[in-house]
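K.L.:
The chain contents come next:
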Amino acid sequence: MSPRRILVIGGGASGVILAAHLLREGDPDLKLAFIERDTTIGAGVAYGTHERDHLLNTRVGSMSAFADDPDHFWHWLTASGRAEDVGCSTPFCFVQRRVYREYLASVVSQWTEGIGDGRLKVITSECVDLAAFDGGVSATLADGHSVIADLAVLTTGHAVPRTEPGSLYSSPWLSREELAIEPEASVAIVGTGLSMIDNVALLRTQGHRGSIIAISRRGLLPRVHKQARPFKLDAADVPFGTSLTFLLRWLRRTIRWVEAEGGDWRDVVDALRPHTQGLWQALPESAKRRFLRHGRTIWEVHRHRVAPQADRSLRQALDEGQLTILPGRIGDVVLEDGRIAISLRRRGGEPARLTVDHLIDCTGILREPTSGETRLVERMIARGAARMDSLGFGIDVDRECALIGKDGMVSRRLYAAGPVTRARFSEVTAIPDIRTQCAALAKTLIARTSSLV
Amino acid sequence: MLTMKGKYGLKAMLHLARMPEGQRALSEEIATAHGISKKFLDTILGELRTAGTIHARKGRGGGYALSRSADEIRVGHILRVLDGPLAPIPCASRTAYRRCDDCTDERTCAVRRLMLEVRNAISAVLDEKTLAEVADFANTDEIDFRELVANL
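Chains A and B supply the protein sequences, listed in that same order. Following UniProt numbering, the numbering of the first sequence begins with 1 at its first residue and continues without gaps. Following UniProt numbering, the numbering of the second sequence begins with 1 at its first residue and continues without gaps.
Please note: incorrect hints may appear among the correct ones.
Straight-line Cα separation of at most 27 Å, DSS-like style, residue types lysine-lysine; simulated pairs [said to hold, decoys possible]:
| no. | chain 1 | residue 1 | chain 2 | residue 2 |
| --- | --- | --- | --- | --- |
| 1 | B | Lys38 | B | Lys7 |
| 2 | A | Lys232 | A | Lys288 |
| 3 | A | Lys443 | A | Lys121 |
| 4 | B | Lys129 | A | Lys232 |
| 5 | A | Lys288 | B | Lys129 |
| 6 | A | Lys121 | A | Lys31 |
Since the hints were derived computationally from the structure, they do not count as laboratory data.
Hey, can you work out the whole structure from these sequences and the hints?
P.N.:
This is how it looks when you write it as structure tokens:
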């Protein structure tokens, strides 16, 4: 039997976690190749930052790459001596994202070409197209070369805002040098979520003195983490298949009950996590649409919480008056005498106008999946190799994560994992969700490769 | 526990699932067909409506209909709405449980732990079964029986 090869498109967290499961579980002649623009494996959008103040949004204890070895990250931290370096004495702490990136690279290092046995090849390039043919898959690289394999998995993560030349928006993932914002300049940020908090922290550590205005539809800020009391919900407790109104009422009642027992709403939100996929899949389409429109932001601010340290510095920025949160909807954005003029409709309907020097796009993961910088997904959809789900929320995949083409046929060679699969699985953003999905997908793929002839 | 409420609610849902597409049923019809008191059935239908599993329309041609197709509705989803978290004994749930009168500590109670396991097995079965499957199964069963009677 000839060696089997699987291409992993995207070397961010989902790609690395999937690769680790495949290499750990698969037989020794299974080979992998990453296609990743970034020279650092494990960086992706989430962990690419070098900033000291950019912390993980989840505790060390929940960030292991393996669901079956939940203390893996914590053990790596202590064994490598980093726990001490970063002042982390328990698995309940929040460490820097750059530390997590190092961890991810270490998870696959024993197989990585040049460091380990070479079963994992790293192709530093951008994948611009991906297609399946009779005997395998072919990925086209930005330089025109093609890479052939038996199977491929899209792990391209969140769509990164596309900042075209001449765009008035700056990308939220720039380093301090790239941002090049004068200390006195005024800055507007679109979005009031976790990436806004990162950007404000980054600006302030650079000694920014100008005003910062963060705008979002409702101006809701992420809630703060608090040590939770583990609480378990069984599927039998959760009212699947009911309307949003019913669900919300049930959620409130359950929270009241948990609070009466001495708990906290966070315990309920966290206890719901293993069931969010099931809840999402059981919702009627009309309710999914309503949730995306009205409920999603409220869920996100409770679900994706901010580390207490990061929240403290955010509150400080607000107290000092440097940061203002402005609820409203953005209209036209035009260049006016070298400055950026933003017209907006404030919450309540009253129109307003704002002139700033810089505008940073921090709308984060609320973005449409085809708006990605690489346009890979866009191309695959145009060719019919992939399609959007009926809500326009993400690409369509089946329960085993196989791509569904324009004709409704389930691909036997193209798969997806991580945030790109949100249309079917709703939340595949956090490591605990990604690792569970990757473990299942690795099994499917290994079974697929051994059935190939 | 499957209460009378759960049982009648499920019967009413099956009644709606077996109706031709686009048709609606009045609560009288359902009540008579299954020998349920109309007053009780109205409460049940009201709860199913709040949960979004059925639609109601007033006036001529009005009545109740499923709010989505029967193969998307799971039996477990209906029963949770009517009977709560599928607990075989009142304390066997994670939320909203009722303590037994003779209970000293529910955290260490072996009976409770066992019943939680039983309950999870119940929900696994009920969440697998769609309303359409159950409705069909009853149909085929009846046909078999009728054939059997005809061939006697």
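K.L.:
Name the hints, by number, that the structure is in violation of.
P.N.:
none
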